[in-house]
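K.L.:
Residue numbers (the numbering used here), protein chains in the order written: chain A, 1 to 121; chain B, 1 to 449; chain C, 1 to 518.
Please note: incorrect hints may appear among the correct ones.
Unchecked claim - Cut-off 25 Å, straight-line C-alpha distance, at most; resulting in silico cross-link-like pairs (DSS-like, lysine-lysine): (1) B:Lys-180 to B:Lys-152; (2) A:Lys-5 to A:Lys-45; (3) A:Lys-98 to A:Lys-45; (4) B:Lys-152 to A:Lys-45; (5) A:Lys-45 to A:Lys-96; (6) A:Lys-96 to B:Lys-152.
What the hints assert, rightly or not - Residues on chain A that point at chain B, a partial pick, calculated with CB under 10 Å: (7) Val-10; (8) Met-12; (9) Gly-14; (10) Val-52; (11) Ser-55; (12) Glu-69; (13) Ala-73.
Unchecked claim - Now the in silico label distances, taken between C-beta atoms and shown as ranges: (14) C:Lys-511 to B:Gly-68: 16 to 24 Å; (15) C:Asp-408 to A:Asp-112: 36 to 44 Å; (16) A:Ala-116 to C:Ser-228: 53 to 61 Å; (17) C:Thr-154 to A:Lys-5: 52 to 60 Å.
Treat the hints as calculated values from the structure; they're not laboratory data. Glycine is no exception: its CB is placed at the ideal position from the N, C-alpha and C atoms.
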Amino acid sequence: MRFTKDHEWVEMEGDIATVGITAYAAEQLGDVVFVELPAPGASLKAGAEMAVVESVKAASDVYAPLSGEVTLANADLSDNPQSVNDAPENGGWLVKIKIADPAEVEALMDRDAYEAHLRSL
Amino acid sequence: MRYLPLTAADRTDMLGMIGAASIETLFADVPAAARLEGLIDLPRQASEAAVERRLSALAGRNRAAGAGPFFLGAGAYRHHVPASVDHLIQRSEFLTSYTPYQPEIAQGTLQVLFEFQTQVATLLGLPVANASMYDGSTACAEAVMMAARVTKRRKAVLSGGVHPHYAASTHTLAHAAGVKTQRLVAAIDDEAAVIGAIDAETACVVVQTPNVFGTVTDVSAIAQAAHAAGALLIVVTTEAVSLGLLKSPGDMGADIAVAEGQSIGNALNFGGPYVGLFACREALARQMPGRLCGETLDAEGRRGFVLTLSTREQHIRRDKATSNICTNSGLCALAFSIHMSLLGGEGLRTLARINHARAQATRDALAAVPGVEMLTSRFFNEFAVRLPRPAAPVVEALARRDVLAGVPVSRLDPGAGLDDVLLVCATETTLPGDIDALASALAEELRPT
Amino acid sequence: MTLQSVGRPTRAEFQPQANDGQARPDGRIGQGLLQDEPLIFERGRWDVSGVDFDLEGETFDESDLAGLTRAEAPALPGLSEPETLRHYVRLSQRNHAIDLAIYPLGSCTMKHNPRLGEKMARLAGFADLHPLQPMTTVQGALGVMNELAHWLQTLTGMPAVALSPKAGAHGELCGLLAIRAAHEARGDARTTVLTPTSAHGTNPATAALAGYEVQEIAQTADGRVDLSDLAAKLGPHVAAIMVTNPNTCGLFERDIIEIARLTHAAGAFFYGDGANFNAIVGRVRPADLGVDAMHINLHKTFSTPHGGGGPGSGPVVLSAELAPFAPTPWVVHGAEALELVEHAEGAGAQAFGRMCAFHGQMGMYVRALAYMMSHGADGLRQVAEDAVLNANYIKARLSGVLSAAFPDGPCMHEALFDDTWLEGTGVTTLDFAKAMIDLGFHPMTMYFPLVVHGAMLIEPTETESRREMDRFCDALIDLAAAAKAGDVERFKAAPRHAPLARLDETLAARKPRLTWTA
Chain A
1 MRFTKDHEWV
11 EMEGDIATVG
21 ITAYAAEQLG
31 DVVFVELPAP
41 GASLKAGAEM
51 AVVESVKAAS
61 DVYAPLSGEV
71 TLANADLSDN
81 PQSVNDAPEN
91 GGWLVKIKIA
101 DPAEVEALMD
111 RDAYEAHLRS
121 L
Chain B
1 MRYLPLTAAD
11 RTDMLGMIGA
21 ASIETLFADV
31 PAAARLEGLI
41 DLPRQASEAA
51 VERRLSALAG
61 RNRAAGAGPF
71 FLGAGAYRHH
81 VPASVDHLIQ
91 RSEFLTSYTP
101 YQPEIAQGTL
111 QVLFEFQTQV
121 ATLLGLPVAN
131 ASMYDGSTAC
141 AEAVMMAARV
151 TKRRKAVLSG
161 GVHPHYAAST
171 HTLAHAAGVK
181 TQRLVAAIDD
191 EAAVIGAIDA
201 ETACVVVQTP
211 NVFGTVTDVS
221 AIAQAAHAAG
231 ALLIVVTTEA
241 VSLGLLKSPG
251 DMGADIAVAE
261 GQSIGNALNF
271 GGPYVGLFAC
281 REALARQMPG
291 RLCGETLDAE
301 GRRGFVLTLS
311 TREQHIRRDK
321 ATSNICTNSG
331 LCALAFSIHM
341 SLLGGEGLRT
351 LARINHARAQ
361 ATRDALAAVP
371 GVEMLTSRFF
381 NEFAVRLPRP
391 AAPVVEALAR
401 RDVLAGVPVS
411 RLDPGAGLDD
421 VLLVCATETT
431 LPGDIDALAS
441 ALAEELRPT
Chain C
1 MTLQSVGRPT
11 RAEFQPQAND
21 GQARPDGRIG
31 QGLLQDEPLI
41 FERGRWDVSG
51 VDFDLEGETF
61 DESDLAGLTR
71 AEAPALPGLS
81 EPETLRHYVR
91 LSQRNHAIDL
101 AIYPLGSCTM
111 KHNPRLGEKM
121 ARLAGFADLH
131 PLQPMTTVQG
141 ALGVMNELAH
151 WLQTLTGMPA
161 VALSPKAGAH
171 GELCGLLAIR
181 AAHEARGDAR
191 TTVLTPTSAH
201 GTNPATAALA
211 GYEVQEIAQT
221 ADGRVDLSDL
231 AAKLGPHVAA
241 IMVTNPNTCG
251 LFERDIIEIA
261 RLTHAAGAFF
271 YGDGANFNAI
281 VGRVRPADLG
291 VDAMHINLHK
301 TFSTPHGGGG
311 PGSGPVVLSA
321 ELAPFAPTPW
331 VVHGAEALEL
341 VEHAEGAGAQ
351 AFGRMCAFHG
361 QMGMYVRALA
371 YMMSHGADGL
381 RQVAEDAVLN
391 ANYIKARLSG
401 VLSAAFPDGP
411 CMHEALFDDT
421 WLEGTGVTTL
431 DFAKAMIDLG
441 FHPMTMYFPL
451 VVHGAMLIEP
461 TETESRREMD
471 RFCDALIDLA
481 AAAKAGDVER
491 FKAAPRHAPL
501 ARLDETLAAR
511 KPRLTWTA
């Protein structure tokens, strides 16, 4: 699993990346009430806005960690947005992306680097 | 000064306690160049009695609608509001409370909003409604913006029967955001033109019924045409009482319904404050602008109400909000809700039927006046007539005889080429004597000299 | 993505608990002077109406509307007059209000609402007047608009005013649209609006609505606009800055004249958010600070009632350069009488359009004018002085126990605290606010402005007496001591003495129920 400084995680399987927000981010947000996801087929550029995660008191933008095309959005989140709180790095995943450039994955932080980043906040 | 509780002694003590030499110390950050040493050139303070005299004198220079025959509509309507309504909205806890940010101590306001939303949704025939907008015209503008967001298209078609002020307000908001509004030529009845104007770029079609000329339309055909093209139908109602008798916008296929609620619970007030009603289909609820009140439970399991889905709004979403709205029209929505609670659905229907009957009687009387041509065949309580001369001077002449005859279309839309058309409205407050006075005054005024 | 934690209870489903002695929705349980009150849909009857009509001899023929009428009356209940009175009086008792106690909401200016305004607004000559009556029949109403315009222009030093915006945020949009029109007339369309990080959410939301991109200006350590950051961000692409002064931290922008100068030098306009005008009315004119457009919240400084959330009114004063672009309508002196310019032709040729139907919030104009006439120039100056004095008094009394966000120097009309003083107590700003409710006080504004952590913004206004402020401060000092002493449970369980306990906002957002269903 790899991470961005904006608290997204990426899990690779071949050229498909599963993306979500980290436990830290989910905790900061509080109870998630709604998630707005891109439609399958949408094309993304790394760093662009990809999704919005809403809690009662805030709405946070989630940025695409990688460039590519959305293959799947987590449909379960429309009925069960709390999965993002319960299992942010697992069942609470947001989208799957067919990536355009494997080098972008290499540039992301590993878990140790991400945890160091968290300690610095 | 009667509104300022601090005494001179208080001020001295408090300054001492703060450690400030004088009040000027507290204003030290104001640049010297901008500090006013003396008083601004305006009158000094005045007693309540003096203010009352001045304002009463100004009020006395207006001809109140109820002081004689009165036939104006065109977006603002004179109805009888029961005495309880105005009494209740002046209760301290309604009048001087604020937006319910602390729901535990604002359940009065919140429960009223929930009831209001339910009443509005029922009247408009759609499942969800918000806690009110400023007025019908801004509600219409916001509906178009919502349709653009939902469909991701940038064109809105406005029927030629939409109130010109509503069309103009919508254009103002849409234009700023890069949404094009196409306003069709002013027409008594333009269903075919509206359908013809829909294409693959159309985000929404805006149709008013009863429209500004009074025409009542079943917009189901327009709904079908819009939906076939992937566009939304927005239905506008300026006379809320009509909702008691006519098919609801939701029943006719509207995706978003907006209305002016002034007719129920609120006085004419020379144009404001009014109250905008806004309802939409379930699937669109999260895209609705304005405040929303929702049901929930408290920590003890008791039912209560809170503002909800507020992450769409300006204080959270800031530059990505659904709109920039901060206030709703709370007290006017309360007045609407109280009046609606008194009326009930049956009462509103009866009220609507009386309105229609009075308008029919007015139409019959005017149809008998030589030179007057009826233009609207299907109307609720307002219709358009063509006069043999420009209508505005006729209205002025009748006003000098203390008869307020209606609204000349040229007042709303000088470029429409309809200078000889007059909009006439009757409500339950219209008496047979008023109708006679209008007909005879008009007959005299139109008599060839 | 930094957010304040929520601290509210939540549950997964709507499962009302049957607790003995707890209020139920069927109206059986009261408590002292409070009555439980169900929804009208649970109380009213479907064939009842509390309104009588004179139907004798009335016949209805709706054949001309065949196919256009609804099959049945709308499915809404009616109530008799006595039941209606009870319903709403019972509900009213569940609201806090200015008429009950200090309502110290920072940024909202919750001052006393003079009842004279209510009486004047209800005079038949104002209330029973249609906006489209011939102008000869409404000279008094146009006179009110004209006089209000005169007061607003004179108090602000600005030559023109657009009266029609229906609320503050609506006024912000009006101001920005006038600015956009002015740039377009110069042939110099621009793309960006700058707002401070402390700005009220309506500022960036309005800029986005007006078609602009928004960029933020940094804040200095002492809570003001960072001039060097502003200078760096100004450029030929910037249409306007939006600045509130005093700002949302309750501080006067000392460098405001330089801010205006830099802005103008870059060819941009200075939009002033007038939400905090109460601090300077009668003592400072925005025109002298370099403002080009500014909305005035009549429901703040000029005390039109807040009404549970509205209606408001947001007229916008305008510079000479922006005045031609003002939206229709406005009042002018015609040959013999006052008239309204309503269309974008002739005198109104450059108007950018119309903000709304008709002429604006006349009911609020009458109330605001009654307020202005009552206070006069001397009274209004006293208003600003007492508002600022009261806020500083509260700041001085509370600074020993709460942590002022900007302790050095005076504040203006509102005092800002952060949650540093709560560190280590386990009590949050939210918890503290809920415990204030148990003492009978409406909490201050919480978590705004966003630039301060756990913000608490207190604005007493000038209509609070010393005694009421002391009562308030004494209570807060005791409460703060309890928080520091570790009495966490008291705060987490609060409020216990309000009609309801903390409400589940998560459930309300996850499973929205926005209307009653059978």
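K.L.:
For each hint, tell me whether it holds in the structure or not.
P.N.:
Comparing the hints with the structure gives:
1. A threshold of 25 Å between alpha carbons decides the hint, and for Lys-180 (chain B) with Lys-152 (chain B) the separation of about 13 Å falls inside it, so the pair holds.
2. Pair hint Lys-5 (chain A) plus Lys-45 (chain A) holds up; C-alpha atoms about 16 Å apart against a cutoff of 25 Å.
3. Taken as a hint, the Lys-98 (chain A) and Lys-45 (chain A) pair is honoured in the structure, with Cα atoms around 12 Å apart against an allowance of 25 Å.
4. For the given pair, Lys-152 (chain B) sits about 20 Å from Lys-45 (chain A) by alpha-carbon distance, which is consistent with the 25 Å threshold.
5. At roughly 14 Å between alpha-carbon atoms, Lys-45 (chain A) and Lys-96 (chain A) fall within 25 Å of each other, so this suggested pair holds.
6. Only pairs whose Cα atoms come within 25 Å are accepted, and Lys-96 (chain A) paired with Lys-152 (chain B) is accepted, the gap being roughly 24 Å.
7. Checking Val-10 (chain A) against chain B: minimum C-beta separation of about 25 Å lies over 10 Å; hint violated.
8. The restraint placing Met-12 (chain A) at the interface with chain B is violated, with a minimum CB-CB distance near 30 Å, outside the 10 Å limit.
9. Against a cut-off of 10 Å between C-beta atoms, the interface hint on Gly-14 (chain A) is violated, since the closest Cβ of chain B lies about 32 Å away.
10. Given the 10 Å rule on beta carbons, the hint for Val-52 (chain A) holds: about 8 Å separates it from the nearest Cβ of chain B.
11. The closest approach between the C-beta of Ser-55 (chain A) and any C-beta of chain B is roughly 7 Å, which is under the 10 Å cut-off, so the hint is satisfied.
12. Because the beta carbon of Glu-69 (chain A) sits about 19 Å from the nearest beta carbon in chain B, more than 10 Å, this interface hint is broken.
13. At a threshold of 10 Å, the smallest CB-CB gap from Ala-73 (chain A) to chain B is about 16 Å, leaving the interface hint violated.
14. About 54 Å separates the C-beta atoms of Lys-511 (chain C) and Gly-68 (chain B), a value inconsistent with the hinted range of 16 to 24 Å.
15. Here the CB-CB span from Asp-408 (chain C) to Asp-112 (chain A) is close to 42 Å, well matched to the stated 36 to 44 Å.
16. Checked against the hint of 53 to 61 Å, the C-beta distance between Ala-116 (chain A) and Ser-228 (chain C) comes to roughly 32 Å, which is inconsistent with it.
17. Hint check: Thr-154 (chain C) to Lys-5 (chain A), Cβ distance near 53 Å, so the stated range 52 to 60 Å holds.
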